[in-house]
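Chemist: With chain X's structure known, arrange chains V and B on it following the hints.
Order-wise, the sequence lines are chains X, V and B.
Mind the numbering: the first sequence is residues 1 to 349 in the working numbering, read in order.
Mind the numbering: the second sequence is residues 1001 to 1349 in the working numbering, read in order.
Mind the numbering: the third sequence is residues 2001 to 2349 in the working numbering, read in order.
Calculated directly from the structure, the hints in this document are not laboratory data.
Check each hint, because a few of them may be wrong.
[As the list claims (entries may be wrong)] Keeping only pairs whose Cα atoms sit at most 30 Å apart, straight-line, the calculated DSS-like set for lysine-lysine is:
1) X:Lys203 <-> V:Lys1150
2) V:Lys1203 <-> V:Lys1150
3) V:Lys1203 <-> B:Lys2150
4) X:Lys150 <-> X:Lys121
5) B:Lys2150 <-> X:Lys150
[Said to hold, decoys possible] To list a few chain X residues with every Cβ distance to chain B over 10 Å, as calculated:
6) Glu199
7) Glu236
8) Val320
9) Asp326
Note that beta-carbon positions come from the ideal geometry of N, C-alpha and C, so glycine has one too.
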Amino acid sequence: MTVKSDPGNFFEDFIVGDELIHATPRTVTEADAALYLGLTGSRYAIYSADTFAQDCGLEGAPIDPLLAFHIVFGKTVPDISLNAVANLGYADGRFLRTVYPGDTLRAVSEVIGVRENSNGKTGVVWVRTTGYNQAGEEVLTYVRWAMVNKRDAASPAPETVAPDLPASVTPETLPRPEFSSAGFDFTLSGSPFGFEDYEIGEKIDHVDAFTVEEAEHQIATRLYQNTARVHFNQVEQAASRFGRRLIYGGVAISLARSLAFNGLSNAAEMIAINAGQHVNPLFAGDTVFAWSEVLDKADLGEGLGALRLRLVAVKNRACVDFPRHDAEGKYLPDVILDFDYWAAIPKRG
Amino acid sequence: MTVKSDPGNFFEDFIVGDELIHATPRTVTEADAALYLGLTGSRYAIYSADTFAQDCGLEGAPIDPLLAFHIVFGKTVPDISLNAVANLGYADGRFLRTVYPGDTLRAVSEVIGVRENSNGKTGVVWVRTTGYNQAGEEVLTYVRWAMVNKRDAASPAPETVAPDLPASVTPETLPRPEFSSAGFDFTLSGSPFGFEDYEIGEKIDHVDAFTVEEAEHQIATRLYQNTARVHFNQVEQAASRFGRRLIYGGVAISLARSLAFNGLSNAAEMIAINAGQHVNPLFAGDTVFAWSEVLDKADLGEGLGALRLRLVAVKNRACVDFPRHDAEGKYLPDVILDFDYWAAIPKRG
Amino acid sequence: MTVKSDPGNFFEDFIVGDELIHATPRTVTEADAALYLGLTGSRYAIYSADTFAQDCGLEGAPIDPLLAFHIVFGKTVPDISLNAVANLGYADGRFLRTVYPGDTLRAVSEVIGVRENSNGKTGVVWVRTTGYNQAGEEVLTYVRWAMVNKRDAASPAPETVAPDLPASVTPETLPRPEFSSAGFDFTLSGSPFGFEDYEIGEKIDHVDAFTVEEAEHQIATRLYQNTARVHFNQVEQAASRFGRRLIYGGVAISLARSLAFNGLSNAAEMIAINAGQHVNPLFAGDTVFAWSEVLDKADLGEGLGALRLRLVAVKNRACVDFPRHDAEGKYLPDVILDFDYWAAIPKRG
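Pulled out of the complex, with its shape left as it was, chain X reads as follows:
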C-alpha cells in the first residue's frame, strides 16, 4: 500500500535537466478577472472593459498578465516549493502571449540549477517555469529560485550548477505587446501621461493603500491553486517564528501594481520581470503602500514604449519619502517588496 498523499519534493529530488509537468490545468475565465479586481483593486482599463481593449485592437479584455503569472506559479508550488524555506528571487520573466478568458493554462518547469548550502540542511534550486495555453503556445516564462529543505541532511551534495541569468531583460529582447496604441483613449484610461512623459530616475508615490485581511489573501491564493501551507494553516504557523500565516508574495505584487494605477495608469501591461525580492513578510492587518521609480525606457516602435520600473511595496507607512534602504544600504524593515519589471505604455503620439 503506497502512501497516497504527496509530501512534495525535497532538495535531493531536484536533478538539473529534469522536467516537471505540473498538475491541474486551469481554464481562466472572466470570473477570475472579476475576482482579481475584487481582491486587488485593479483599475487598468484594458483589463476592465471589452470596449477599451477592442479599441486597442484586441478581441476583448484580456486576462491581466499578473493573474496569469500567479496561476502558473501556483501550479508549480506542490512540486517546487512545498518544502521551501524561502523564495529567493525571480529573473528573466517574459509575458509572451495575451491570455483571454476561456484559455486553459498549464505549467512545466525545468530544473536549471542546484547548490547545496554549507549547513547541509538546505539547498538552492533554480527552475525555469513556462506556462502554456491550450494550443501549446508559450504564454509566459520565468526563472525563480528557492531555498529548499533536504529530506535527509546526510545525503550527499549534488554538483553545483548555477545558471547564468541575465541581470535584466534587455530592451532588444522585450516581448512586444499585442495591443495597438492607435485607439488608446487617454481619458478613459485615467491619465494623460504617455511614454514621453516619464523620465528615467522619476519617482512616483502611489498615495493610496490597502489593508489586507486573512480572507482576502486566502481567497486569492486558493484561486491561484497555490498550496503553500504557510498561507493557510494557522495551527502550523502558530508554531513558526512568525506565529501567523504569511501572505503569498504574489498578493503583495498585485496589490502594489493596483496601487500603481495612480501614477502609471497607462503602463497597464507587464511585459517582462527583471528581478524581484520579497524583502520582509506581509501579514493580515498590514496596510500596503507603494511607490515606483523609472529605471529605464525603451522604444518599442509603432506608438509603443516600455518603462522599466522598480516597484517598492511598503507596509504600514506612507511612501512620500520613497522608503527603501537605510543609511547602510540595507532594506528598511517596513519594505516588503522590491520588484523590477518592464511595462508597455502607449506614446501620446
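Modeler: Relative to chain X, chains V and B alone:
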C-alpha cells in the same frame, strides 16, 4: 516632471456646467453577478436565474440595477469625492435600461451646483451622473451631492448655484421596467404577494440580518472600483475620529435590499431613487438589520405596479419596532441608512 | 394586511406527502466555479480545466457536484430548516447528471417522515430533496432529516412516519459518471493512483489544512443562497450557547473534499452520499484538517471504478493518527464531520 499621481479634485475645481468623463469603463459579467450574490446575499429570482428572467420576457438574468449603480458610482469617486468629507444625499435617480452580462458601463458627471460653506474650508458640490452602456445608451442617472474640502481656504467662494431637485421621482416619470409580469412565477419568486397586496403605510420587518466583515466590504467596494480611501486604509483611518475603516454606503444599501427579500420578494427591481441618507457609519463587525415602509403606490399598467419604499437599515438590533427617529425626530444612533426608492412589482392579475 | 415576511415552517407545518417547491432558481455559471475554487481550494483537474474535461469526453469543465449540492440544499433552507435546532443526517444521495455552467437549478422537497420528540417542543422531519435543471431533468437527489421546533408545544403530535432509508447507496444502484477514463491524464490530474491502487481499509492523511475566516464561510453560504441565520447574525448568535456564528456544514464538507485532493486526486467526482454527520460545530478561526478511509470499492465497468470513502474532518489538529472516536466509541471533540460517500475514479487500465 509633472506629478503623475492624482490627488483628486477639491472644491475649487468644480465649475458649474463642467462635464467630467470618468476613467475605467467596466464590462459587467455574470462573475460580477455571482460575486454580488456572495457578498450581499441577494435572492431575487430575476437576477438569479436565466430561466426565470426569460419567462418574464428578458433575454436572460439581468444585472441587478443596484450593482450597476455601484459600478457607475465607483467610477465617479476619483473625480468627485476623493476629497469629500461626507456624502450628503441622492436625488432623482432613474434606472433607464436593463443591463446584461457583457455590457460595458462608463460614467459621466455634470457639475450642477456648488455652495461654499460659511467656514470657508469646505463646500457642497452637486453632480448629475449618468451611466452609459457600450452603445452609448443611458443606463442610469442620478444626482448626488457631497461636502468637499477646499484645497486652499483662502481661495474665493464661487457664486452659489443650488440645483432645483425634485422631492421624489413622480409616478408619471417613473421608468418602465422591461420585464413582463405575464410569465412571472409567484412560487419560484419566493412570495405570493403582488402589487395589490401592499398598502400605503404598511411596515415590514425583514427579520434576517448580516454581520459584515472587513474582507467582505473591501472586496465589494474594490469590485465596484470605488477608490475612497476611508474604506481601505487602516493606517489613515486609525488617525480619524472613527479609528477604523468606514464601510461604503452602497454596501449598506445592498445588504438592506437583500434582507428586504423577506417581505418584498417580488419587488425585485429598483427603478428610481428618490432620496437617501447614510445616517450613521457602519463598521466591520456590525450586524445589519432592515425594515421597509410602503410610502406610495403607482400603477404602471400592463400587469405592473411600483411601490415607493422607505428602506431603513439599522445596526446591531432587531427591527420589530421599526426604529428610525427618537422622540425629537432625530435619527436614532443605530440607524445607518434611510433610503427612499421605487421598485417595480407585478400584479397578481 | 398580511404579514409579508416569512417566519419559515415549524414542525406542525410538515405533512407527510406534501411537496415543497423552493424559491429562487439559480443559473450556475463559471463564476460560481471560480468562487468555489477561491473559497474551498479545490484542485481537481476535471472541474478546473475545459481541456482536461474534454479529453474525458465532456463538453467542458462541469460544475463540481458538491457545489451543485450546496446550491440545491441552500434553496431548501427557508422552507425546511429555518426553525431547525439541528441538521441530523443525510442518506441516499445520488448525483444523477452532470451540471454545466449555464444550467439553471431549482429544488423540490417531499416530506417523507415526521416524528415528534417526547419533549413536545420539537420533532424530526425527513425530506427527500431533488434538484432539477432547466430541462426538468433530475440532477441530484438526497434525503436529509432535521430537528425542527414546534410553533406551539400544545399542538397535537402527528402520527409518526419514519422512512425506510438504505444504510448506503449500493454498488448496483450507483449513478454512472458521464466522463470517460479513456483520455484521463494521470500526470495533469496530480496523482498516478487509480482505482486498482486503493485498498479497502486504507487510511489517508490529507496532510494540508485550511484556517477558515468569517468572511469566507459567509461569502460561500450566501453564494449558495442558504439563509440559515446561525451563519450570519452575530447579534443573535451572541445570545446562543455558542456565542458565535456557526459555519454551514457544507463548508466543512467542501474544505475537507478539497484537502482530500492530496491523496485522492483522481477520485474527483462524488457520485453518491451514503451518510453524513456534522459531529461538532466549526467556527471562524478554526483550522480544518481531514483524513479518509476506503470503506468499499465497486467496479463501474469501462475503465471506471468507485471508492466508498469515509471523509473525516477535524479541527485544530493534524490527522496523522486518523482521529475519530475515543476509547468508548464516542466522537472526539475536535472531529467536526463524518461523511460517507462514493466517488468515481478511473482505472489505470
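Chemist: Each hint needs a verdict: does it hold in this structure or not?
Modeler: The hints, checked one at a time:
no.: 1; hint: X:Lys203 <-> V:Lys1150; result: 27 Å, holds
no.: 2; hint: V:Lys1203 <-> V:Lys1150; result: 42 Å, violated
no.: 3; hint: V:Lys1203 <-> B:Lys2150; result: 27 Å, holds
no.: 4; hint: X:Lys150 <-> X:Lys121; result: 5 Å, holds
no.: 5; hint: B:Lys2150 <-> X:Lys150; result: 62 Å, violated
no.: 6; hint: Glu199; result: 40 Å, holds
no.: 7; hint: Glu236; result: 7 Å, violated
no.: 8; hint: Val320; result: 32 Å, holds
no.: 9; hint: Asp326; result: 34 Å, holds
Hint check: violations occur at hints 2, 5 and 7; the rest are consistent with the structure.
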